[in-house]
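Student: Here is how the chains run, residue by residue.
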Amino acid sequence: MAVIDVLGIGKRYPGRHGTLALEGVDLTLGEGAVLGLLGPNGAGKTTLIKILSGLLVPDSGGGTVLGYDLLRQASRIRAEVSLVAPTADVGIDNNLTVRQNLVFWAPVYGLHGAEARQRIDMLLARLDLEKKAGDWPMHISAGQRQRLALARSLLAENTLVFLDEPTNKLDADGVRSVRDMIRDLNMNHGVTVVLTTHVMEEAEELCSEIMFLERGQIRRHAQTDEVLRSLGIVRPIRLVLGLADRAVFTPPEPTALAAAEDVSWDVGAAPNEVSVTVRSSDVLATTPALLAWVFGQGHRLLGMASAPVTLDDAFATLSAAGEAKP
Amino acid sequence: MTVGAPLIRLTGISKTYPAAELSLRGTKLVTQGPALWAKQLARAARLTAVSGEPVRALTDVTLAVYPGEVFGLIGPNGSGKTTLVKIVAGLLRPSTGTGEVAGVDLAQAAIIRRRVSYVSTTGWMGLEWALTAEENVRFFGLLCGMSPALARQRTLAALGDVGLVADGRKAVSELSNGMRQRVILARALLLRTPIVLLDEPTVGLDPVHRRQMLELVGETLPKRGQTVIIVDHQADAIEGIARRAAIMKDGRLVGVGTPAELLESLSGLKVVELISRGGAQPETLPPRPVRAVEQVLRPGPLGLTQWHLTVEERPDALEAALGWVLSGGGEILQVAEHAPHLADLLAAQAPDEQEAG
Amino acid sequence: MASSVSEQQGRHPEGALVREARTLWAFAVREYRIWQSYRVNQLMWLVNIFVTTLLFFLMGLMVKGKAAALIGGAYGTNYMSFIVVAIALSTFLYTNLSDPYTRIARSYYNGTMDLLLLSPMSIFTPLFGFMTKSILDDYPRLLIVGAFGVFLFGAVFRFQHILAALGFTALALAAAFGIGMISASSFYLLNIKRGTEPVRFIVQQLLATLLAGAYYPVTVLPKPLQWIACLIPHTYVFDALRRLMDPGARLTVPVLPIQQVLPWSPLVVDAVALSAMTLILLPLGFVLYGQGIEKARRNGTLTRWQ
Ligand SMILES: Nc1ncnc2c1ncn2[C@@H]1O[C@H](COP(=O)(O)OP(=O)(O)O)[C@@H](O)[C@H]1O
Ligand SMILES: Nc1ncnc2c1ncn2[C@@H]1O[C@H](COP(=O)(O)OP(=O)(O)O)[C@@H](O)[C@H]1O
Ligand SMILES: [Mg+2]
Ligand SMILES: [Mg+2]
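Protein chains in written order, with the working numbering: chain A, 43 to 368; chain B, 343 to 699; chain C, -2 to 303.
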């Protein structure tokens, strides 16, 4: 059964400007997926997360989340999903220490006594907060606060977790630890994750599927690799080869290299070197074939650089396409 | 560009935050209003104690930033970047050390505050939620003594700079997270003060607006004659736009210079990024030319692994690295070599930090 | 973990009610910790109670001998007893009436509210949870006011009707909490997020302070105002408790205009009025609060983050 299965979700905020935040959004998400919601500021990502977690009522559309009806059983949904807001300060009580914060929330999720203590200890360890357990939230770093917010939301052992910009404001270490945490949740505990991020590299690293939203509409929703492949952008792969036999060099046939458009080559800096450029519409498919060819020929691989299509390209392409529309 | 007198000069700046006040039973004491003197009494009567150690946030920082420069500050969370910026902004008094900002001694903070614009990491707290974005920015100009006409004109320009002209009519309470961040930025662009301090300004911006923002900081502001100090935890942002940068660690400056100068310590090394599919962890240790390995598994049905290898600049290095990864089986889908970035420099410093801690 | 729903229920067969109770306890512990951290302020709090009681003691000295005439035959002859009842009860009523709105506002601004809603507890539990603060704050206050009154300033009480007195108190508190819930619901329902919430202002700041007869019997007011005083629970509970606890008070002499009109004994009138208010206001409070949350879920005003 799909964890999320909704159809035609629309939302217009009331008020002076009555922003149309979402329009006709369909989403089916299977168990164990990591969905990345991407899109420009104001695209409607947060609005969608609020609707799917039961915090906001859609104007149109409906469906189920965790098997509960989005419109009629919103309180059941709220009870069984976890959510981390984009600012880690949300829900952290500065008058309580890191541990006391978690102690307060444990019974809310039905944990008590030794069981609660064990789970809190486990989460503190897993999120690398053990040393900070007795500290006040305002005296720990932004990254640690974000991990505390995560720990709070993980007390519940829910199977569906919404993360709105979870790595905002974190340094490289903080980003690393939060991403590892998300990966661990998904891969080792089967948790389904919906996250938003502005860092495309992060989406590429974490998300099994991607939904691009722009002005409240879906521009693209597919598996991550399919999104990249379907853009049809051609990118070069450059190699520097040390020739096995310096007399002869036969370049590979483009047809033998999956998705390769053409191959060109030039003599290299040293007498037995050549530099080869293969232009490909799918670097991930061409590279293994190309490497197989290089090693099959007995050449030495001295250097290799490719500019694969990334979600950054996808973002640029998709949002430019949106802008071109009237 | 680094000629003439510095616009910002700091000498031997240190900052120590006092320790938190705790009661003897270990609860924190929050003090408000008239309770302040009661607290002093309580401390005299030994009812409370000062907990733990004071926090040393900055140690002996000496730094010069020249007019028209874009100066970057990078370093892990808690390394003292915000503390340093607050001192330059005249919002925080250093424990020791001297300095001058825009020709004014650090002691005269009130004057300094009129010559700097400051975007703080938690700046959205300062927005008035019931007013529109445009009003928030414009009223700030009026409060700072701008004429209504000038305030109107500059507000329009500033909102244009951050791409918020249409959404500027919305109340702040109706704006998305990234839009709110851009309102803060617009407010900081309004006064055109000689110095602009940006503490993590691109947090929450989508890639397109982030790029626009960095362009603005890197090109437009210097053209307007403004001097910028920019803090960003994503080192690549700094690398692209900063003429010079400083690396901070545990409250100290551990390196100052152009990005190229800073990267010199990594000369002789290059980075190999790989994506592999299938295959197990190689059984052997990585061969000689490979200095450091970082690897992450990507969720999803494809079973992809991302590798970030730091290798020596040698002809056989790439093949050795590929061979080692392939020794675990599977296939390699992507190979990209590049010279190290500032981000790699920060990562390279992480291990000995852990040893120290 | 994949089957956490059924697992959680299996692990905690005691069911939802026990969990709600544990949650309330967690709130109480949290409030206690926070209260502790502001402990130095408790000194101010003590001084404040002392000064207030002293003030009325001094006024009591002024009216000495004339008290019986001033406070009327129904409430006995001791001004200190008269006033201590009102001060002690006002604290409770004030909390039940004002705190729901204040605490809801605070938890909205620090972002806890939406997380509380994103959990298995009912939407009302946070409200009750926040009220555990009153147990920490008010119950000691009651004892202290009583103690100051009795031991320092010569208030005297009779305790033979203490159970009835507690019953009246409970009814008044429930009615006040109903008003408090109505006031809290306007946070979301009317989107009053800043400034003065009208329900609270009118009932507590205007009516209860001026008309309920806390410092003087309502009989000193013009007749129309006396009738308005009959609209709020404060008036009845002051009346009832003074009759039951103050020395020399009389159970049968009517004071409030409504007591003079209705053919029942004054205490019965008080009981009926308080019960009716509770039965109307409390459910109304719950319904409006629930509707407020629903409205916020539609308008997108439930959370502050975007
Ligand atoms: N509470 C609200 N009231 C009115 N308009 C809102 C509210 N929240 C968001 N919006 C508007 O809805 C649109 C989508 O916002 P949001 O979902 O927060 O975008 P994202 O998270 O993708 O940046 C924006 O135009 C924003 O201004
Ligand atoms: N107000 C404060 N009180 C106590 N310690 C603080 C305060 N602000 C910052 N610190 C501490 O000072 C150090 C430097 O913090 P900061 O300047 O915010 O670093 P950065 O901006 O590089 O993340 C950290 O250890 C932090 O915990
Ligand atoms: Mg958002
Ligand atoms: Mg900082």
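None of these hints come from the bench; they were simulated from the model. Note that beta-carbon positions come from the ideal geometry of N, C-alpha and C, so glycine has one too. It is possible that some hints are incorrect.
[As the list claims (entries may be wrong)] Residues on chain A that point at chain B, a partial pick, calculated with CB under 7 Å:
#1 PRO128
#2 SER183
#3 ASP213
Student: Each hint: holds or not?
Tutor: Here is how each hint holds up against the structure:
{"no.": "1", "hint": "PRO128", "in the structure": "5 Å, holds"}
{"no.": "2", "hint": "SER183", "in the structure": "4 Å, holds"}
{"no.": "3", "hint": "ASP213", "in the structure": "4 Å, holds"}
Checked against the numbered hints above, the structure breaks none of them.
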